[in-house]
Amino acid sequence: MDVEASVRAFIEKTFLVDKDKTISTDESLLDSGLVDSTAVVELLTFIEGEFGIQVEDEEVVPENFETIEAIVALVDSKRHA
Amino acid sequence: MKQKLATLGDIAYLLNPVVSLSWMFQLARVHGRLRYLLRRETRAAIHGNIAAVCAEQKNGANIDRLTRQFFEYQQLRSLLVYLAPRLSLPEMSRLFPVEGLERLDWAVAQGKGVIVLGSHLNSVCMFSAVALLRRRGYRIGVALPTPEPHYSPSLLRRLLAPGSTEHHFTEHIGGFYAQFNVRPIIRRLQDKEAVAMAGDGWHSAAFAPVEFLGRTLPFTTGAMSIARLTGSMVVPLFVVGPPPDGLRVVLEEPFTVEKGRHPESEVQAKVSAWAKRLEHHLLENISCWHHWVIPNTLESMAAWPQRSLRERYEL
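Protein chains in written order, with this note's numbering: chain C, 1 to 81; chain E, 1 to 315.
Treat the hints loosely; a few may be bogus.
Computed, partial: chain C to chain E, Cβ under 10 Å [stated by the list, open to error]: (1) E4; (2) V35; (3) D36; (4) E59.
Everything labelled a hint here was simulated from the structure, so no lab data went into it.
Cβ atoms here follow ideal geometry from the backbone N, Cα and C, with glycine treated the same way.
Just chain C, same shape as in the assembly (with noise of 0.2 Å):
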């Protein structure tokens, strides 16, 4: 599964309370409520342990999770490091 459907997938099994509904990829998942702070670590949590990589503190900003979008471009950024 690539990196934006596992993302997808753990967002709307995790957070999502109406499973019909459908995310895009460019959908603010943090000024719809979606996802907060405490979502953000579990996010962390998953993308760290399926992608094996390491977000530094100071790399946990809104920019990095208001999207789908942009938390693919995180992980790309950090595998490809």
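Given chain C, put chain E in place with the hints provided.
Coordinates of chain E only, in the frame set by chain C:
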């Protein structure tokens, strides 16, 4: 945040060995009264906020008195924070008597870390309470919403105590930066430490609607969400009474946030319950809530969720 050259607090810190506390408190009161007289806009805002909450119970003269008390108490509390590193443990214990310490002890003994949930009631006195607990051997620190807190040492203070961390505010309260990224909080809880946070702030990614002071207002869900995630105990802390000699640190009944199948409602219930306790203490200590300094406090609070994340976190 711009580095301050020196503050009035530095002067108090320098004078402390030669000027008695009672004199310093009197000076702080006078300072507060001067600000009450000179800061007309702020005075009007605070007066309006207090009147909106208790107009039915208090007459105009009483609201004026409460407004003046707000300014005096603000200066007295600041003085206590600046002086804290100089005060002996007996002095700190006298100024900040703690009720319910056995509740904190019990919560700590559960072994999953403790969130000590304070508020802006007698704002910054929570810092003093944490400093006192640290001196008594508790492993506790304060999660700060900005990298450089307001009471960061000025240049003068750094010159007075070069290389020393003992007299620096942040180290004194075990302060650490944690805002959008709450991992620093979670690490400490997992290490069975206690973390002090405020439950009535606006630095939050999410809010829950709560009936408070006669209207529906948003309260941050951060502390309860973290407690739910980590299984940590939550101990409400309220600093009540008039500074400087009437303060009491009240630690209330600990609770957990259940990890059931409905996270939103589980968190909502606990946020509402905590806010009810804040409301109770606030109505008995009306001039002690720091948020009155916000113009149209309750209307402004209602609008917090509409602010962008960047604004809420003041990035």
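Status of the hints after comparison with the structure:
Residue-level restraint check for E4(C) is violated (minimum Cβ-Cβ distance to chain E is 23 Å; threshold 10 Å). Given hint, V35(C) at the interface with chain E, holds; its Cβ is 8 Å from that chain's nearest Cβ, closer than 10 Å. With a cut of 10 Å, the hint placing D36(C) at the interface with chain E holds, because the nearest CB-to-CB distance is about 4 Å. With a cut of 10 Å, the hint placing E59(C) at the interface with chain E holds, because the nearest CB-to-CB distance is about 9 Å.
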